[in-house]
Amino acid sequence: MFLSGWAIYNASPSLPFTFPWGLTLGGWLAGGIAWHISVMWVLFAVGLAYLAYGTISGHFWRDLRPTGPRALLRDLGNALRFRLPHRFGHYNAVQRLLYTAVILCICVQVLTGLSIWKPVQLAWLARLFGGYPLARNIHLAMMFCIIAFLAVHLLLVAIYPRTLVSMVASTNAEEER
Amino acid sequence: MIRRHHVPPSVRLAEISPEIAKPSRRRLLRNGLSLGSLALLTGCDLSTHSGVDAALWAMLRFNDRVQAALFDPQRLAETYPASAITRPFRFNAAYPIWEVRMVPEDWGLAVTGLVADKTPWTIDRLRGLPQEAQITRHICIEGWSQIGQWSGVPLHLFLRRVGADLRARYVAFTCFDGYSTSIDMASALHPQTILALDFEQQPLTPEWGAPVRLRIPVKLGFKSAKNLESIAVTNTYPGGFWENQGYDWFSGV
Chain E
1 MFLSGWAIYN ASPSLPFTFP WGLTLGGWLA GGIAWHISVM WVLFAVGLAY LAYGTISGHF
61 WRDLRPTGPR ALLRDLGNAL RFRLPHRFGH YNAVQRLLYT AVILCICVQV LTGLSIWKPV
121 QLAWLARLFG GYPLARNIHL AMMFCIIAFL AVHLLLVAIY PRTLVSMVAS TNAEEER
Chain X
1001 MIRRHHVPPS VRLAEISPEI AKPSRRRLLR NGLSLGSLAL LTGCDLSTHS GVDAALWAML
1061 RFNDRVQAAL FDPQRLAETY PASAITRPFR FNAAYPIWEV RMVPEDWGLA VTGLVADKTP
1121 WTIDRLRGLP QEAQITRHIC IEGWSQIGQW SGVPLHLFLR RVGADLRARY VAFTCFDGYS
1181 TSIDMASALH PQTILALDFE QQPLTPEWGA PVRLRIPVKL GFKSAKNLES IAVTNTYPGG
1241 FWENQGYDWF SGV
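These protein sequence lines map, in sequence, to chains E and X. The numbering of the first sequence is the numbering used here, which starts it at 1 and goes up by one. The numbering of the second sequence is the numbering used here, which starts it at 1001 and goes up by one.
The reader is advised that the hints may include incorrect statements.
[Stated by the list, open to error] Calculated cross-link-like contacts (lysine to aspartate or glutamate; reagent style DMTMM-like; alpha-carbon spacing at most 25 Å):
hint	chain 1	residue 1	chain 2	residue 2
1	X	Lys1118	X	Glu1229
2	X	Lys1118	X	Glu1132
3	X	Lys1118	X	Asp1106
4	X	Lys1118	X	Asp1165
5	E	Lys118	X	Asp1184
6	E	Lys118	X	Glu1142
7	E	Lys118	X	Glu1078
8	X	Lys1118	X	Glu1105
9	E	Lys118	X	Asp1072
10	X	Lys1118	X	Asp1177
11	X	Lys1118	X	Asp1184
12	E	Lys118	X	Asp1064
If you're looking for bench data, these hints aren't it; they were derived computationally from the structure.
Using the sequences provided together with the hints, build the complete structure.
Okay, structure coming up:
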């Protein structure tokens, strides 16, 4: 979605910069749109399945619900001093806040995407985001937020490679502590 | 403008599909994260005959069906006050402004295909039909948009006047500047789809599509073909200048 989106953005930049063509997918505008639209349906299906799973299984409420400001300050202080105690299967206050935020960002990304894809048929949605031109820039801004999240995420994985195991493997919190 | 990009050799879907088909979670992650395979995929730009391009074209066709289902024939595009009109209005075509063609001396609007009356139309005859004015947003496939003012003959009225078969699937437009496009009948019959004769209350000049252009606010800008020379009603998929190169055909907004 990122790489093809950059190809589409490059066709008519709304801000005074473009993405390097070497990083884009699709080669030109039509190719970029074809990729964006194709992957869009995959993201839509996977995203709905994930939201359904997270809600029904209680994963969102149990693991990702943001905690109070005190726990947040404590864990943020720890994180900034690179004291990152990790218990597999447990999310600290900073993680809870960031994961909730990025899930919301992705939801807004999908909704602004729909609103600029169908600004007439889904006019109510475009109006919700301040009209077509603004919705387009919100779509761009959300992309940067998600990229920033991914960058921090990858940086921390690089610092603590063992966390990778708990991300991709299905772990039992008690066993693997 | 649209720039063509250097096209490296592409990967065939058949070469990578055995890998993708294996349900191993880690392998899927690894393939998905491989920048190397992404670099190869950038060659898939709808211009080659690779398996990936075929898959992209298939997705576009699927997407067109979804768009047709989402289209509400009664829903009007938002209209704006005169104060919202974008000035100066941006010129946009597949060629630069100095290549704009003048209207040919013997110009007439031909009507072909599944219609009862194939008499060519003059501007005076078109002006004799009821006129409709609109101030609407023109949204380009590139992402930019601008608000403009057009008036002319509603296309549904014109199609009924020439006795068109309104159950036909497509209405195709060809232009004397070499451009062409086509739309579905449902969008052609939309009340805001007009054969525009005026832009900002003045008769069209060549750069804005003289002597008559399509103005269809429920589609992306490239569907609003300028400098028309013929309209055809048909059941055979007509394609179009950009559509044949990979812009999605329906392109509704």
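Hints and how they fare:
no.: 1; hint: Lys1118/X <-> Glu1229/X; result: holds (13 Å)
no.: 2; hint: Lys1118/X <-> Glu1132/X; result: holds (23 Å)
no.: 3; hint: Lys1118/X <-> Asp1106/X; result: holds (17 Å)
no.: 4; hint: Lys1118/X <-> Asp1165/X; result: holds (13 Å)
no.: 5; hint: Lys118/E <-> Asp1184/X; result: holds (17 Å)
no.: 6; hint: Lys118/E <-> Glu1142/X; result: holds (14 Å)
no.: 7; hint: Lys118/E <-> Glu1078/X; result: holds (12 Å)
no.: 8; hint: Lys1118/X <-> Glu1105/X; result: holds (20 Å)
no.: 9; hint: Lys118/E <-> Asp1072/X; result: holds (11 Å)
no.: 10; hint: Lys1118/X <-> Asp1177/X; result: holds (22 Å)
no.: 11; hint: Lys1118/X <-> Asp1184/X; result: holds (20 Å)
no.: 12; hint: Lys118/E <-> Asp1064/X; result: holds (13 Å)
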